[in-house]
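Enquirer: Please work from the sequences and hints to get the whole structure.
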Amino acid sequence: MIRLRLRRRDLVCQQAVELVTDYLEGALSRADRRRYEAHLAGCPHCTEYLAQMRKTIELTGTLTTDDLTPQMQDEFIDLYRQWRTGQPGDEPPQP
Amino acid sequence: MGQDTDADLLVRLRAGDERAFVILVQRYHAAMFRLASSFVPNAAVAEEVVQDTWLGVLRGISGFEGRSSFRTWLFRILVNRARSTGERERRTVAIGDTGAAVAASRFDGSGAWLSPPEHWIEEVENRIEAGKLAGLVRTAIWDLPDRQRQVVTLRDIEGLTSEEVCGVLEISESNQRVLLHRGRSRLRQAIETQFGVPS
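So the sequences go chain by chain: A and H. Just so it is clear: in the first sequence, position 93 is 93 by the numbering used here, and no numbers are missing. Just so it is clear: in the second sequence, position 105 is 105 by the numbering used here, and no numbers are missing.
Warning: the hint list may mix true and false statements.
Reference excerpt, derived from the structure (chain H facing chain A, CB under 7 Å, subset only) [as the list claims (entries may be wrong)]:
1) 26
2) 30
3) 58
4) 60
5) 61
6) 101
7) 107
8) 111
9) 113
10) 116
11) 177
12) 181
13) 184
14) 187
Because the hints were derived from the structure by calculation, they are not lab data. Even glycine gets a Cβ: it sits at the ideal position worked out from N, Cα and C.
Expert: This is the structure we're talking about:
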């Protein structure tokens, strides 16, 4: 009886891959986290999958900003200067 | 990247330092452009939204009290402008991001892996030049559905907290997690497709 209930509550891989983000975000209930971790303990593929998701996040986080082209930089400098010269000495009336 | 914090640069900008403005623009341009592009129909309009946002920043800077971080404030202005521009330019589709983290065909009838994840972590760490991989990830981010791209850009590239992202995009926590999950899952798949070797 107990065994049957436990089995029904076991996660399969296809469900486990959908829980990865909630797991990493700490958004799983305690029971779901236990089920997920129990699944990982017996499943090298899902363990690998979790590691890959972590690596993916890490890689995304290391993307560097593309440099602005000199032309774009000039455009923004113009934008700034126009704004500066448009600034009255007093408080500008804002709509 | 320079070591100046946003707060340092804001102080300088308030004092009229043009260079500080350029550094801030440089720092956030890619993320702003990526984010704006997800609301509006083309790159030219996205650039306009970005410029318009900076103008809004300059106008509002004396009133910015720093209760939220500068970048949260910046992205909020951007999203508001991009959204109103985008609504004029096109009707956005609702959620639209259905789809599983991993294609159903890779599992058997019981839901167990039939075609398990191919290995690539070691590959990308040892063999591949960083530039090539960065290019792949960047392209894959561009290919994400709009709402996934918004969340992934803010969370995983810019490093905002989930709370900040919800505030900027005006979405719920659970919605944010779903979009993040789908976006990250697609990125993982893109890397596997390119670099994976069968187990």
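Enquirer: Against this structure, judge whether each hint is valid.
Expert: These are the hints, each one checked on the structure:
1. With its C-beta approaching chain A no nearer than about 5 Å, residue 26 of chain H sits inside the 7 Å limit, and its interface hint holds.
2. For residue 30 of chain H, the suggested interface contact is upheld, since its CB lies about 5 Å from the closest CB of chain A, less than 7 Å.
3. For residue 58 of chain H, the shortest C-beta to C-beta distance to chain A is roughly 5 Å, which falls under 7 Å, so the interface hint holds.
4. With a cut of 7 Å, the hint placing residue 60 of chain H at the interface with chain A is violated, because the nearest CB-to-CB distance is about 9 Å.
5. Look at residue 61 of chain H: its Cβ only gets to about 10 Å from chain A, farther than 7 Å, so that hint breaks.
6. At about 5 Å, the closest approach between the beta carbon of residue 101 of chain H and any beta carbon in chain A falls short of 7 Å, and the interface hint on this residue holds.
7. Interface restraint check: residue 107 of chain H against chain A, minimum CB-CB distance 4 Å, threshold 7 Å, status holds.
8. Interface hint at residue 111 of chain H: satisfied, since its Cβ lies 3 Å from the closest Cβ of chain A, which is below the 7 Å cut-off.
9. Proximity of residue 113 of chain H to chain A holds as hinted, the smallest CB-CB distance being about 5 Å (cut-off 7 Å).
10. With 7 Å as the threshold, the beta carbon of residue 116 of chain H comes within range of chain A, its nearest partner Cβ sitting at about 4 Å, so the hint holds.
11. Here the hint on residue 177 of chain H is kept, as its CB sits about 6 Å from the closest CB of chain A, short of 7 Å.
12. The beta carbon of residue 181 of chain H comes within 4 Å of a beta carbon in chain A, closer than 7 Å, and the hint placing it at the interface holds.
13. Nearest Cβ of chain A to the Cβ of residue 184 of chain H: about 6 Å, under the 7 Å cut. The hint holds.
14. The interface hint given for residue 187 of chain H is met, as the beta carbon of that residue sits about 5 Å from the closest beta carbon of chain A, less than 7 Å.
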